[in-house]
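Modelling step: build the complete structure from the supplied sequences, incorporating the hints.
2 protein chains.
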Amino acid sequence: MSEFDDNLKALRDEIDDIDSQLVALLAKRLAVTSKVGEIKSTEGMPIFAPEREATLISKRREQAKQCGLSGDLIEDILRRLMRDSYVSQDASGYQCINPSCKKIVIVGGKGQLGSVFVDLFQRSSYQVAIIEQEDWPNSKAILAEASVVIVAVPIRLTSMVIHYLNNLPDDCILADFTSVKESPLFEMMQTHKGPVVGLHPMFGPDVTGLIKQTIIVCDGREKPQYQWLLKQFEVWGAKIYQVGAYEHDQAMSIVQVMRHFSTIAYGYHLMEEGADIENLVNMSSPIYRLELIMVGRLFAQDPILYSDIIFANSDNISMMKRFAYRFLELLEDVELGDKEAFVVMFKQVSDWFGDYADDFLAESKTMLLKANELKKH
Amino acid sequence: MSEFDDNLKALRDEIDDIDSQLVALLAKRLAVTSKVGEIKSTEGMPIFAPEREATLISKRREQAKQCGLSGDLIEDILRRLMRDSYVSQDASGYQCINPSCKKIVIVGGKGQLGSVFVDLFQRSSYQVAIIEQEDWPNSKAILAEASVVIVAVPIRLTSMVIHYLNNLPDDCILADFTSVKESPLFEMMQTHKGPVVGLHPMFGPDVTGLIKQTIIVCDGREKPQYQWLLKQFEVWGAKIYQVGAYEHDQAMSIVQVMRHFSTIAYGYHLMEEGADIENLVNMSSPIYRLELIMVGRLFAQDPILYSDIIFANSDNISMMKRFAYRFLELLEDVELGDKEAFVVMFKQVSDWFGDYADDFLAESKTMLLKANELKKH
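Going line by line, the protein sequences match chains Z and F.
Here this note's numbering = 1-based position in the first sequence + 57.
Here this note's numbering = 1-based position in the second sequence + 57.
The set of hints was computed from the structure by calculation and includes no laboratory data.
Among these hints, one or two may not hold up.
Stated by the list, open to error - As a list, the in silico DMTMM-like pairs of lysine to aspartate or glutamate whose alpha-carbon atoms are at most 25 Å apart:
hint, chain 1, residue 1, chain 2, residue 2
1, Z, Lys-296, Z, Glu-279
2, F, Lys-85, Z, Glu-60
3, F, Lys-378, Z, Glu-392
4, Z, Lys-85, Z, Glu-95
So, in structure tokens, the structure goes:
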């Protein structure tokens with residue numbers, strides 16, 4: 058026994074020693090990637106370089122294979138390192154795409170999402186002003202010199218705020234971050250005669266940077282005038298996705314309204330069923346654990362965030378009703394024991410998902426391994 | 058420009074050099090952890106050592122902080138490394154908890170889940186026999202010497218298979234892996250006079266090992282007789298969770314039946330709404346992308362897997378109907394514009410989640426960053 062203990066201790070010391078070298082090596086790597094950030098920022102080169110990322114990974118996968126290491130292991134680790142190195146490169150500041158821009162005004166710039174953009178614009182050397190509720194008396198002076206005005210207020214206030222913005226300089230770009238696009242775009246076009254664009258950043262306030270995050274763009278008026286703004290988003294690493302306002306709102310009824318509503322309804326159902334949450338956690342498969350995490354996270358947040366989005370979209374009620382009816386319709390198959398009908402339906406949906414089903418299965422494996430990895434005991 | 062290019066190239070070469078050292082260091086680490094696996098396997102010590110894991114991580118977090126590195130970064134990387142090192146340690150084989158066990162028979166041992174256990178028992182030096190459909194004519198001979206018989210067949214066959222097992226040696230342990238527990242446990246107790254235990258492994262066939270995976274145990278008869286079997290599962294790294302069969306089935310109506318059914322109904326809804334999947338993917342937030350992955354993955358699999366579980370549990374139909382009615386009930390609040398009622402309900406559910414809501418919010422952040430990291434462009 059004692060010999061075993063000695064051997065185990067010696068090996069564990071060796072691991073500790075390797076891990077210590079690992080931390081030192083990663084610190085060295087961080088120092089170099091920070092330097093890359095600095096020179097890129099001076100030169101105005103985008104920080105996110107997908108091709109460089111792909112080459113870097115494939116080279117190391119190759120080397121890993123030769124050493125008998127798993128390629129997936131090294132890829133996972135490199136992706137994790139790059140995530141942090143993007144954050145550290147961000148810290149060196151970004152290129153300013155339009156130095157002739159006089160002032161950017163963010164209405165609601167102290168809000169969760171607004172402040173993410175205030176910070177990014179400032180780190181790209183733009184002059185940024187914020188309008189919050191208490192600043193409206195001085196808004197005329199704040200808005201007089203504006204090159205860009207972005208409305209980043211809660212959805213229930215958007216329409217009111219847009220109506221206040223009826224006296225902007227003619228060449229000023231007017232934009233908004235609302236999670237619906239058709240109606241604010243229409244109202245901005247009514248209020249302002251110059252360039253107008255609808256934006257929807259598809260991420261929450263706890264992003265560590267904009268790398269690979271999506272910003273949806275719905276064109277309004279004088280498209281060429283605001284292209285520099287979209288380029289600025291790309292410099293920050295964001296992916297621009299252009300789509301019509303109507304199409305956007307249709308997709309969001311599913312991506313946001315239905316998603317939030319059904320998650321809330323599911324949480325309510327668990328409570329009403331008198332489920333024992335601790336029991337559920339202990340008896341979870343990794344898949345169910347992930348589901349429970351995604352439901353529970355919502356209830357740690359402000360109900361207003363969600364009720365605003367759901368109640369502002371009452372034209373989605375009929376779509377969500379259809380979901381409940383379909384749910385009951387399928388349940389009827391189960392009640393009647395009609396397995397065949399169920400399998401036929403299942404296969405139709407599989408066809409509808411097409412290649413995405415297999416891609417998602419592969420991606421989900423990584424996610425489920427990660428979810429299990431997070432368990433502390 | 059050329060000077061910038063030179064500088065960038067020099068820094069990138071430096072990163073490549075560091076990454077190459079990184080791969081070499083990880084290969085060295087793997088060699089040492091494999092040795093740990095070998096000596097642990099000889100000594101019969103469990104591979105998963107939660108305390109050692111915790112110490113190892115906290116030491117490196119400390120060092121990371123001193124180097125100006127993120128503690129989360131190093132923790133994520135170490136957890137990822139440990140996941141692989143457990144797998145490599147598995148390869149050295151496992152301690153055999155009960156060398157006097159004559160033979161383990163797995164009915165359905167060629168199935169997806171059955172074969173995971175066949176492999177694990179064999180790597181722990183047990184003699185393992187498999188019974189598949191075609192082996193029933195010889196089953197008498199195969200079962201004569203059995204110390205353990207595990208029923209690992211699809212749920213629709215479980216009852217039939219149990220009834221065939223009416224002639225086992227008196228001291229043989231009879232167990233099953235069915236995803237319901239009350240009825241098979243009852244049937245096993247009727248059929249066999251010796252030790253009986255109901256098991257439910259809470260993971261799918263693509264696990265890379267049993268570390269941190271849950272196996273639910275429902276006691277049947279002669280509890281002391283099968284404790285060694287549970288210890289064997291723990292040697293493989295599994296977490297044993299003991300619960301009554303009724304309680305198990307109640308929880309599974311939510312963890313499995315409701316989860317699978319509502320995911321399928323949601324996929325069906327997307328198809329029936331005529332949603333454009335590519336559009337949805339492009340317009341996804343990380344949260345919605347994760348949701349879409351977890352829905353789509355299901356449709357890449359065999360419908361029988363899911364319809365079997367759903368149709369075998371027809372007593373859950375009323376519980377699922379209640380979900381649809383609650384969904385419609387909450388939708389009524391939206392229709393009536395009763396935001397206040399909605400917020401009150403939301404807060405009740407938050408209270409029901411208790412501390413789990415905040416824990417889940419924190420865990421979900423890691424998961425969402427990971428989901429975004431997986432995007433290739």
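Starting from Lys-296(Z), check that the Cα of Glu-279(Z) is at most 25 Å away, please.
-> holds, 21 Å
Restraint status (C-alpha distance of Lys-85(F) to Glu-60(Z) at most 25 Å) | holds, 23 Å
Is it true that the CA of Lys-378(F) sits at most 25 Å from the CA of Glu-392(Z)?
-> Holds. Lys-378(F) to Glu-392(Z) sits at ~11 Å (cutoff 25 Å).
If you draw a straight line from the CA of Lys-85(Z) to the CA of Glu-95(Z), is it 25 Å or shorter?
-> holds, 16 Å
When each numbered hint is compared with the structure, no violation occurs for any of them.
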